[in-house]
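Novice: Each chain is listed here by its residues.
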Amino acid sequence: MEKPEKLIENGMRLDGRMPDELRPLRIEAGILERADGSAYVELGANKVLAAVYGPREMHPRHHQQPDTAVLRCRYNMAPFSVEERKRPGPDRRSVEISKVTREALEPVLFLELYPRSVIDVFIEVLQADAGTRTAGINAAAVALADAGVPMRDMVSSVAVGKIDDTIVLDLTKDEDNWGTTDMPIAMVPRKKLITLLQMDGHFTKEEFGQALDLAFKGCEQIYEKQRQALREKYAIKQEK
Amino acid sequence: MYEIVSSVRRDYIADLARQDKRIDTRTMDQFREVSVEVGPIKSAQGSALVKIGKTQVIAGIKMEHAEPFPDKPDSGMLVVNAELLPLASPTFEPGRPDENAIELARVVDRGIRESNAIDLDKLVIKSGEDVWAVFIDIYVLDHDGNLIDASALAAMAALLNTEPPEDEAWTLPEFPIQKRPVTVTVAKINNKLMVDPCLEEEGVMEARISIATIEDGSICAIQKGGIGWFSLEELEQVYELAKVEGAELRAKLG
Numbered sequence: 551m552e553k554p555e556k557l558i559e560n561g562m563r564l565d566g567r568m569p570d571e572l573r574p575l576r577i578e579a580g581i582l583e584r585a586d587g588s589a590y591v592e593l594g595a596n597k598v599l600a601a602v603y604g605p606r607e608m609h610p611r612h613h614q615q616p617d618t619a620v621l622r623c624r625y626n627m628a629p630f631s632v633e634e635r636k637r638p639g640p641d642r643r644s645v646e647i648s649k650v651t652r653e654a655l656e657p658v659l660f661l662e663l664y665p666r667s668v669i670d671v672f673i674e675v676l677q678a679d680a681g682t683r684t685a686g687i688n689a690a691a692v693a694l695a696d697a698g699v700p701m702r703d704m705v706s707s708v709a710v711g712k713i714d715d716t717i718v719l720d721l722t723k724d725e726d727n728w729g730t731t732d733m734p735i736a737m738v739p740r741k742k743l744i745t746l747l748q749m750d751g752h753f754t755k756e757e758f759g760q761a762l763d764l765a766f767k768g769c770e771q772i773y774e775k776q777r778q779a780l781r782e783k784y785a786i787k788q789e790k
Numbered sequence: 251m252y253e254i255v256s257s258v259r260r261d262y263i264a265d266l267a268r269q270d271k272r273i274d275t276r277t278m279d280q281f282r283e284v285s286v287e288v289g290p291i292k293s294a295q296g297s298a299l300v301k302i303g304k305t306q307v308i309a310g311i312k313m314e315h316a317e318p319f320p321d322k323p324d325s326g327m328l329v330v331n332a333e334l335l336p337l338a339s340p341t342f343e344p345g346r347p348d349e350n351a352i353e354l355a356r357v358v359d360r361g362i363r364e365s366n367a368i369d370l371d372k373l374v375i376k377s378g379e380d381v382w383a384v385f386i387d388i389y390v391l392d393h394d395g396n397l398i399d400a401s402a403l404a405a406m407a408a409l410l411n412t413e414p415p416e417d418e419a420w421t422l423p424e425f426p427i428q429k430r431p432v433t434v435t436v437a438k439i440n441n442k443l444m445v446d447p448c449l450e451e452e453g454v455m456e457a458r459i460s461i462a463t464i465e466d467g468s469i470c471a472i473q474k475g476g477i478g479w480f481s482l483e484e485l486e487q488v489y490e491l492a493k494v495e496g497a498e499l500r501a502k503l504g
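For the record, the sequence lines run as chains H and C. For the first sequence, counting from 1, position 140 maps to 690 in this note's numbering; every step adds exactly one. For the second sequence, counting from 1, position 246 maps to 496 in this note's numbering; every step adds exactly one.
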């Protein structure tokens, strides 16, 4: 795709969204049979699966911690998830995303309850259109709850950015490519604490503040959807 | 990556933080002594040795011909690689770069790339076929904390010191630098914020944020690390620290 002249026209983005509008979001909890917890997230054209195994015995055993469980996260993209086939296996980008994902989720977990064990979080991106790390975190947080892992709160995540000098919520691939700034954020929604923050591009101090406000609003909407997904699975249904 | 700190020491550092004090008697907004030595490596096109306290990082620049990325035929290439050498710390092991080395390289990369510190569009020899690739290799020699700031500063100092390659394909008068991004890392201990964490502080900190700023104080890259969290108010403080201390670090670039 060629760079369009304008990414925002008459206040509307290329896909018809307003600057502060999320892409259509669908979250389902507990969709994998064998995993202890799982979730599926569709955010626009992103399709992301997350599975949680554990707490379970840590192997190899020399990685066991005597006083706490270990959280392991693996973010992985399917070879067919992007335009040009991605070579299977971890690259530098996915190693970094796995690390920041772990650091985004770990603050809400009570790992000290499960010494010597491991909680594995596997995130698989099946189809990608920018914002896969945030979609992955949203899915993983729901999957952790679905697995019954004790949590202080949910973790909700969204990207904000700057395109055509406008601060926008939830960038698409095209907006990320042609825009100036991308800033993925994860937060603990009830206390409004930030557990993941990355940014590349250009922000003045004022734009940074604006972007944070917008991200908070986006995370609140995502939080609601995450709760809905869990309620849908666990609410007691009336017998007919 | 971070060393284990004994619980007595941990409590001591946390208690000092509560009183706005630090184990090495610094103030919360004070860097350790920073020194920048340019050009120690003659075999590199550019190089710099940066010391922040006892932490030592060397950055070397090499340039080579390369085929451009298909989607960027009119742009030079920038490659940042970081090595946590086994000689730099008892916790570093030989082998492929682990997630810490990869994160370090990518955070330095983003600061330089996103600020357009190098005018990559000028590093084209023949559109779509031949461009200059700039390799920044970061070599950590001694790890006493805050590798991100030391590495970013070393990379920038080395770039500013880069001599064009002796090659007839090189036609520019000088190596095209247009911005000077500088990264400042702020650690959070016992809900207090402090710049430039030393090794023990890193072992105790709840989380850190690194912000790269350019000359006008605007932000070009951010990375949060560690398993703690930050409030909005804390982020504002972090930004102010990054701006003010960043300007001081930038002055070290000469």
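It should be emphasised that the hints constitute simulated quantities derived from the structure, not laboratory data. Treat the hints loosely; a few may be bogus.
[As the list claims (entries may be wrong)] According to the in silico footprint, chain C covers these stretches of chain H (three or more CB under 8 Å from chain C): (1) 553-564; (2) 641-651.
[Claimed, not checked] Just some of the chain H residues that point at chain C, by a computed CB distance under 8 Å: (3) I581; (4) L582; (5) L743.
Here the structure is a predicted model, which means the values were calculated and not measured. For glycine and all other residues, C-beta sits at the position ideal for the given N, C-alpha and C.
Novice: Next step is simple, just say for each hint if it's right about the structure.
Specialist: Each hint, compared with the structure:
no.: 1; hint: 553-564; result: violated (count 0)
no.: 2; hint: 641-651; result: holds (count 7)
no.: 3; hint: I581; result: violated (28 Å)
no.: 4; hint: L582; result: violated (26 Å)
no.: 5; hint: L743; result: holds (4 Å)
Of the numbered hints stated above, those contradicted by the structure are hints 1, 3 and 4, listed in ascending order.
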